[in-house]
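Assemble the whole structure, with the sequences as input and the hints as a guide.
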Amino acid sequence: MSEAKTMSIKEQNKGAATSLMKKNIRKFLRNKLAVFGLVVVALMTIACVVAFIGGIDFRTPDMANMRAAPNSAHMFGTDTIGRDLLARVLVGGCYSIFIGVFCAVASNVLGAVLGAIAGYFGGKIDALLVRLSELFQAFPQLVLVMMLVAMLKTRGLGNLLLIFVITGWMTTFRMVRNEFMSLKGETYVKVCEAFGMSKSNVMFKQILPNVMTPIIVSTTTNVAYFILQEASLSFIGLGVADSTPTWGNILNAAKNLQVVQNQWWIWVFPGLAISLFVLAINFLGDGLRDVLDAKQQ
Amino acid sequence: MSENKEIIFKVENLRTWFPITKGAFKKVVGHVKAVDNVSLEVYKGETLGIVGESGCGKSTFGKTLMMLEKATGGQVLFNYDGEFRDITKFNKDEMFEFRKKVQMVFQDPYSALNPQKKIYTSFEEPLIVHGMKDQAQREARMQEVLKMVNIQPDYLMRYPHEFSGGQRQRLCIARALEVMPEVLICDEPVSALDVSIQAQVLNLMKDIQKELNLTYLFIAHDLSVVQYMSDRIVVMYLGKIVEVADSRALYDEPLHPYTRALLSAIPVPDIHNTKKRQVLEGEVPSPIHKPSGCAFHNRCPHCMEICKQVDPELAVQNTENGHMVACHLYAQAQEKTQPEQAAEQTV
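Heads up: the protein sequence lines correspond to chains A and B, in order.
Numbering-wise (our numbering), the first sequence opens with residue 1 and increments by one.
Numbering-wise (our numbering), the second sequence opens with residue 298 and increments by one.
Keep in mind that a hint or two might mislead.
Within a straight-line C-alpha distance of at most 30 angstroms, the following computed DSS-like cross-link-like pairs (lysine-lysine) qualify [to be verified]:
1. Lys124/A / Lys386/B
2. Lys414/B / Lys386/B
3. Lys430/B / Lys205/A
4. Lys324/B / Lys184/A
5. Lys23/A / Lys414/B
6. Lys302/B / Lys124/A
7. Lys124/A / Lys367/B
8. Lys341/B / Lys503/B
9. Lys199/A / Lys507/B
10. Lys199/A / Lys397/B
11. Lys199/A / Lys323/B
12. Lys199/A / Lys386/B
13. Lys324/B / Lys199/A
14. Lys124/A / Lys341/B
15. Lys205/A / Lys414/B
16. Lys205/A / Lys386/B
17. Lys389/B / Lys205/A
18. Lys389/B / Lys124/A
19. Lys319/B / Lys184/A
20. Lys184/A / Lys605/B
21. Lys397/B / Lys507/B
22. Lys397/B / Lys205/A
23. Lys398/B / Lys414/B
24. Lys302/B / Lys199/A
25. Lys414/B / Lys199/A
26. Lys389/B / Lys341/B
27. Lys444/B / Lys205/A
28. Lys414/B / Lys27/A
29. Lys199/A / Lys398/B
30. Lys124/A / Lys319/B
31. Lys302/B / Lys367/B
One side only, chain A facing chain B, incomplete, derived with CB under 10 angstroms [as the list claims (entries may be wrong)]:
32. Arg174
33. Glu186
34. Gly196
35. Ser198
36. Met212
Source of the hints: derived by calculation from the structure; they are not laboratory data.
Glycine residues also receive a C-beta, built at the ideal position from the N, C-alpha and C atoms.
Here you go:
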């Protein structure tokens, strides 16, 4: 008898969950811009990943066709030393998107955890962490990158990731901290404390789910932010090593006025890829905010 | 009446002070004395009402009994099957076990359930934390407590925003009962609810008390609600107990001037009853700078010279029903106060 009831409760539980999910998906689909964003992001990511895994040749220069305009053999044309630009944009996209996603996720996780600790415990820990975040915020990212490059004597992907993560967690930290400070006064937190739940349980299982929405939205928009950051750093030659193509690295060639004036395809295609992806990600983030924000439901 | 009852909570000189700090070095410049030297006994199975105006420390007192606020001084002894143990000195594990003995129902049912979680999850978590591993067992317990508060088990799948205030408060009561506590501290459990729903929740609480032989600590500012619920009533003023009496005795024969003023504020639904309200002058003094002597002396209509200097002790006034009062009016000769009291009654 009790077994049957258990089953029924669990079954219904699943049904309710899926219906809420369905409702959210329907709401998301009604937002045309968000769907556009999702489709563009998905297509570009898939294209880049497929090209990368498929081992598309982005290194070998085609000596006969240096600086060739787009044609049937090279759809996006070739760059200054004759490498196929389509292949480079696709593989570069893979790196760029990876940098964006990895840094956004890592910095948001770091920011969320530190923010949760600062907001929940308050007092000295909070003061310390807030000062630390201010210190990081006051320090110019560019100088940090240059310092690290100078110290390690190499320009690598790892450096960039590290710098982005340790200089990018502050906004999330502040947001999560403020949310925690207001949410820890809620009665349900007191109830959990009255039940003797541990501090980490209260922090991460009770309060954090209520802060997830802004974290998810900020992670999506941060992906765009980090892609742009990487592009600008690579453009001025401080980003990833030249051998690794990224959207910013390809654009690097356009520093040359000659190229800008005569070979438009070298900078238009990677530039377009960056703009389109960033725009799509921002639309997606906005759409997610509309769907996930519980206050609007 | 209550002499041969078993004591479950024995509070001795409990103090909960909040430090006020100033400057960059957090120098302590004073204390908010939210609960100041409170001594009290709570008997098993009774409902002890705690009344007082806003800021008199009644909620803090409730939270201190649950150790949700740290006690600054004094003892809170809890009856572990005849053995009294001081919960203020409990370590983490002992505290965790104590959580199963005493539970709390909070004032605001609208924020007492996590809005992101289904009721099912909110109900399941405390049981998991307290080591009930078997899911069927958990669900059986959940259904048992829901039945007590007249809520259908299939409502468990819903989110808190799908419930009304009364339903939410019933859910909160049910959740508190899950761990089978002996004492339920109710911190203004009905003040956020409609009056029509208040009665429903109060009756339900009475039924549950009878069924489970619970002890209630009922904190409220609504005197009629407290009168309806309580066996004994404690009146607090500025962190101190000014009067303790059986519910009936307190309403029939209030002793402390503050209690009388409080009771005269209860509206009576009778147009022929032109009772004169005893309006208190002035404001509640700050709990940081309490007046010397009796904390009530600057508002008391019967203030004497001694009241300004000496803080009156809580003393038994009527040995028959254990009526206790902290007032200099009664510390003096009994015969002097009787006529005065009679005069007060006729008003």
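Notebook entry, point to check: Which of the numbered hints above does this structure break?
Noted result: Checked against the structure, the hints that fail are numbers 2, 6, 9, 14, 20, 24 and 32, while the rest are satisfied.
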